[in-house]
Amino acid sequence: MMQGTGGGAATNSGIDFQQRVAAFFVLSMGLELDCSSILEREHEEKICKVSFETEDAVDDIVITHENSRTYLQVKRKLALSDKVDSEFFKTIDQFVRQYIVSQNKCECYVILTSNHSSRKILSDLKKITTSARLNGASPQDNPMSKSERITYQSFLNTLTRSLERNGFADYDTESLHNLIRRIYVISLDIESNGSYEKAFLASISTQLSTNPKLLWGYLISKTLDWSKGRQSVDLNGIGSFIEKFIKDEKPESAVNQDHSTVFQMQFDPEKYDICSGREVVIIDSFLSDFDIALLELYRFDENGEFRVKFHDSEIEMGDGSRHKLYGRFSTFSGAERFIAEQDWLQDKKIMIGPINGDDDFDASPIAVAYSEKVREKVLESKEISKCMHCQEGLSNASVLIEINEENLPFDVGIIHQRCLRKSDRVLGIASNPGMDEHPELQDFDYQRWFLSLDHGQALWAGFSEISQQIKHVLWNSKSAFYKGGHLCIKAVLGDGGVRYVQERGRVQRYDAEKAELVCNQLNNWIVDSKEKGNPLCYSSDGNIQGMHDDIQSHSSQPVDLIECSRFEITQYTRGISLLHDKVKNYYAPLISFVDSGSNQPLHVNNSAFLITSPMDLKVYLKNWSSIGFSYKSYKLNIIENDEDFDRFMNWAIERGVNVLVDPFFDKSGELLKGAIVEDMESLNSEDDSRDAPSILFIIENENGTFTHLFRDFDNDLTLLLYDECTADTCNCMGCQMYTIRAQTYGQENLDIRRTSDTAVALNLGDGDTVWDESFIESNKVCWSDWENVVF
Numbered sequence: 015m016m017q018g019t020g021g022g023a024a025t026n027s028g029i030d031f032q033q034r035v036a037a038f039f040v041l042s043m044g045l046e047l048d049c050s051s052i053l054e055r056e057h058e059e060k061i062c063k064v065s066f067e068t069e070d071a072v073d074d075i076v077i078t079h080e081n082s083r084t085y086l087q088v089k090r091k092l093a094l095s096d097k098v099d100s101e102f103f104k105t106i107d108q109f110v111r112q113y114i115v116s117q118n119k120c121e122c123y124v125i126l127t128s129n130h131s132s133r134k135i136l137s138d139l140k141k142i143t144t145s146a147r148l149n150g151a152s153p154q155d156n157p158m159s160k161s162e163r164i165t166y167q168s169f170l171n172t173l174t175r176s177l178e179r180n181g182f183a184d185y186d187t188e189s190l191h192n193l194i195r196r197i198y199v200i201s202l203d204i205e206s207n208g209s210y211e212k213a214f215l216a217s218i219s220t221q222l223s224t225n226p227k228l229l230w231g232y233l234i235s236k237t238l239d240w241s242k243g244r245q246s247v248d249l250n251g252i253g254s255f256i257e258k259f260i261k262d263e264k265p266e267s268a269v270n271q272d273h274s275t276v277f278q279m280q281f282d283p284e285k286y287d288i289c290s291g292r293e294v295v296i297i298d299s300f301l302s303d304f305d306i307a308l309l310e311l312y313r314f315d316e317n318g319e320f321r322v323k324f325h326d327s328e329i330e331m332g333d334g335s336r337h338k339l340y341g342r343f344s345t346f347s348g349a350e351r352f353i354a355e356q357d358w359l360q361d362k363k364i365m366i367g368p369i370n371g372d373d374d375f376d377a378s379p380i381a382v383a384y385s386e387k388v389r390e391k392v393l394e395s396k397e398i399s400k401c402m403h404c405q406e407g408l409s410n411a412s413v414l415i416e417i418n419e420e421n422l423p424f425d426v427g428i429i430h431q432r433c434l435r436k437s438d439r440v441l442g443i444a445s446n447p448g449m450d451e452h453p454e455l456q457d458f459d460y461q462r463w464f465l466s467l468d469h470g471q472a473l474w475a476g477f478s479e480i481s482q483q484i485k486h487v488l489w490n491s492k493s494a495f496y497k498g499g500h501l502c503i504k505a506v507l508g509d510g511g512v513r514y515v516q517e518r519g520r521v522q523r524y525d526a527e528k529a530e531l532v533c534n535q536l537n538n539w540i541v542d543s544k545e546k547g548n549p550l551c552y553s554s555d556g557n558i559q560g561m562h563d564d565i566q567s568h569s570s571q572p573v574d575l576i577e578c579s580r581f582e583i584t585q586y587t588r589g590i591s592l593l594h595d596k597v598k599n600y601y602a603p604l605i606s607f608v609d610s611g612s613n614q615p616l617h618v619n620n621s622a623f624l625i626t627s628p629m630d631l632k633v634y635l636k637n638w639s640s641i642g643f644s645y646k647s648y649k650l651n652i653i654e655n656d657e658d659f660d661r662f663m664n665w666a667i668e669r670g671v672n673v674l675v676d677p678f679f680d681k682s683g684e685l686l687k688g689a690i691v692e693d694m695e696s697l698n699s700e701d702d703s704r705d706a707p708s709i710l711f712i713i714e715n716e717n718g719t720f721t722h723l724f725r726d727f728d729n730d731l732t733l734l735l736y737d738e739c740t741a742d743t744c745n746c747m748g749c750q751m752y753t754i755r756a757q758t759y760g761q762e763n764l765d766i767r768r769t770s771d772t773a774v775a776l777n778l779g780d781g782d783t784v785w786d787e788s789f790i791e792s793n794k795v796c797w798s799d800w801e802n803v804v805f
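At position 297 of the sequence shown (counting the first as 1) the number is 311 in my numbering, and the numbers step up by one without a gap.
Bear in mind the hints are in silico, worked out from the structure with no lab data behind them.
From a predicted model like this one, the values you see are computed outputs, not experimental measurements.
Even glycine gets a Cβ: it sits at the ideal position worked out from N, Cα and C.
Just so you know, not all the hints are guaranteed correct.
Unchecked claim - Below, a list of computed lysine-lysine pairs in the DSS-like style, where the Cα atoms sit at most 25 Å apart:
(1) K236 with K338
(2) K119 with K104
(3) K60 with K236
Said to hold, decoys possible - Derived DEER-like restraints, expressed as beta-carbon distance ranges:
(4) S189 with L764: 54 to 60 Å
(5) K227 with S647: 16 to 22 Å
(6) N317 with E355: 47 to 53 Å
(7) D680 with S491: 51 to 57 Å
(8) S612 with Q356: 45 to 51 Å
(9) D357 with S612: 23 to 29 Å
(10) I690 with Q356: 23 to 29 Å
(11) S647 with Q483: 30 to 36 Å
(12) D555 with D728: 18 to 24 Å
(13) I558 with L393: 29 to 35 Å
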């Protein structure tokens with residue numbers, strides 16, 4: 015621990031977000047985690063030291079790496095402003111002052127914020143700085159929307175004014191651009207009970223001997239002390255603070271080792287012995303008075319060669335004889351533990367044959383050298399939460415093993431206890447104390463989950479802002495089939511900015527034929543919308559696209575819209591996605607449930623359940639038990655990306671299974687809240703519409719008017735209500751039916767589905783509509799004449 019001497023530290027009291035960020039990086043350093051993904055670097059980036067409230071120009075948090083530093087300005091909420099007294103100006107001014115005195119070209123300056131910051135910070139400024147790093151040209155030479163140009167000008171004003179205030183008025187253009195390239199905008203959802211906090215704690219739980227929340231809370235409080243004291247903590251120093259959270263029991267000698275000795279999934283080679291000098295095996299007894307033999311054998315001969323060989327479920331002795339093998343261990347205690355757990359061995363007569371002599375064979379030069387080989391293999395492993403045999407997740411008690419047998423390569427790793435092979439050499443028991451309070455997370459690959467969360471769950475992330483308890487999600491099965499292509503489509507906006515046609519938050523790619531078809535359709539849309547006085551627009555932040563009046567009418571606040579001038583086909587390149595992709599995965603990651611025996615997805619009452627947060631599973635299981643979800647032998651399957659989600663949805667549709675996300679039910683079993691995922695194509699099909707007893711079809715005519723057709727499937731009644739409806743200025747029977755239903759149930763709750771290119775269907779449900787006999791006679795038409803029109 016090193017004491018800082020500099021002044022100028024900003025007050026730090028009560029800034030919970032800053033302390034959480036600090037605790038995150040300190041803990042990442044202590045566990046030697048790679049932070050390149052969070053810090054948006056191309057190469058591995060580990061942390062050597064974290065400094066607080068320093069004497070540097072950037073005084074919030076300074077992270078020291080092996081060859082560089084990252085300066086953090088942590089702001090939970092930040093708005094764009096070039097006023098000298100604004101938080102944004104003060105933040106950039108610190109970056110400028112550090113840049114002026116910097117002697118390291120690899121230094122980076124980070125605005126680390128949350129989703130509470132303004133869109134101009136999170137979207138516009140982030141894109142400008144990212145674009146500057148990707149493109150060697152000046153930032154203003156890159157295509158910008160009107161909003162981005164305003165942001166850039168304000169950003170530029172702030173930079174130039176700060177440079178002049180700090181005595182650097184004679185800066186050159188290249189110096190300015192180089193400064194912009196060093197600035198990053200990073201959003202981190204690390205607030206209390208946030209999705210990232212939950213996932214991060216779950217991911218590190220296997221490396222700790224206690225509940226990770228205890229260490230997390232402890233470090234948050236400690237970072238406050240360190241900040242007040244203007245201190246720093248390095249990789250060595252952090253050990254003194256977190257050692258009480260890491261099990262520190264050095265095992266006894268191999269022979270007298272206690273049965274409770276465990277190995278942590280994070281194997282610490284300085285604290286745990288590896289026993290490599292003997293083979294302890296359980297085999298069929300070669301003496302008639304015994305059923306089983308527990309033997310302790312020398313592992314190496316005088317030349318350092320193995321004295322015995324292993325073949326799957328057999329051991330081959332030095333004389334060439336083979337014996338049936340039941341288990342293989344590095345210590346006697348491991349074998350004794352195995353015997354105690356095996357019911358079939360309790361009535362057997364067991365012969366025990368230890369090595370004669372007092373020599374410590376595990377301390378011999380060859381055994382020590384071999385142990386180092388095992389250590390290195392353990393430390394190389396990146397799969398601390400996956401069974402090396404079945405490749406499924408590990409979150410409960412497991413076994414650390416060595417593989418050393420004929421016709422198989424040397425390997426070391428962690429496996430489920432149920433996956434133990436006869437010839438696996440057991441080194442110890444691996445436990446995960448941090449997950450003890452979550453026994454429901456059976457065989458869960460928390461590491462894979464944590465990594466897949468990065469830039470994922472875009473759809474579900476926005477649901478917290480929607481008050482509607484039951485949400486309907488339309489899934490487009492066609493999106494699953496259009497993944498490649500060398501072309502994309504660019505939207506040129508009225509202010510000179512550009513956007514790209516996207517699907518699920520990512521730039522959509524096409525082959526030549528598809529690109530031409532879609533581009534023509536989009537340009538026709540522009541022409542048609544202009545003729546109707548309702549032009550096609552994008553919001554200035556690029557998040558909304560649609561007709562001008564439609565966007566404004568469905569938004570609670572006025573939206574800054576930019577009219578779309580035209581669409582163009584352009585060659586796709588990776589840089590377009592780097593700048594314009596909003597997410598990696600729109601739906602994923604999610605968790606589904608499969609039967610541990612058949613490995614088939616589980617469903618209840620013809621519904622399959624998915625959840626967005628594994629740490630909430632216990633609450634869901636308690637609720638689901640009331641509707642019959644009583645499976646004991648389930649496994650958790652991670653739907654890692656959108657392609658996996660597409661496969662899951664296709665499976666459900668083929669079998670007629672409903673898909674519910676985060677479902678929660680009331681006492682009577684009715685869905686109380688959650689999301690219902692429906693296939694867009696199925697909703698557009700004829701069969702789905704036939705299921706509804708009464709439908710109002712609204713058909714667009716060539717002259718711009720509309721035809722209203724009522725269909726009662728239960729009574730086989732079809733009525734032509736009106737064939738020249740003018741919509742806004744009309745009060746025909748069909749318009750009245752629509753208006754009454756909207757007023758009764760709310761516009762957002764109407765079940766409206768497109769059934770053809772020119773028709774949509776309003777589901778009227780099973781409510782009885784009473785028609786006058788004379789009206790029926792005057793307006794009744796033959797359904798077969800209209801069926802092909804609406805479908």
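Quick rundown of the hints versus the structure:
1. Proposed proximity of K236 and K338 is contradicted: the alpha carbons are some 57 Å apart, above 25 Å.
2. Restraint check: the Cα-Cα separation between K119 and K104 comes to about 23 Å, which is no more than 25 Å; the hinted pair holds.
3. Taken as a hint, the K60 and K236 pair is honoured in the structure, with Cα atoms around 21 Å apart against an allowance of 25 Å.
4. In this structure, S189 and L764 meet the distance hint of 54 to 60 Å, their C-beta atoms being roughly 58 Å apart.
5. Between K227 and S647 the Cβ separation comes to about 29 Å, which falls outside the hinted range of 16 to 22 Å.
6. Roughly 37 Å separates the CB atoms of N317 and E355, a value that falls outside the hinted 47 to 53 Å.
7. Under the hint 51 to 57 Å, the C-beta atoms of D680 and S491, about 31 Å apart, miss the expected range.
8. Distance hint check for S612 and Q356: the Cβ-Cβ separation is about 27 Å, which falls outside the suggested range of 45 to 51 Å.
9. Between D357 and S612 the C-beta distance comes to about 26 Å, which sits within the given range of 23 to 29 Å.
10. With their beta carbons about 48 Å apart, I690 and Q356 fall outside the hinted range of 23 to 29 Å.
11. One distance hint, 30 to 36 Å for the beta-carbon pair S647 and Q483, holds here, with the actual separation near 32 Å.
12. Against the hinted window of 18 to 24 Å, the Cβ-Cβ separation of D555 and D728 comes to about 47 Å, which falls outside the hint.
13. The hint said 29 to 35 Å for the Cβ distance between I558 and L393, and at roughly 49 Å that hint is violated.
Comparing the model with each earlier hint shows violations of hints 1, 5, 6, 7, 8, 10, 12 and 13; every other hint is respected.
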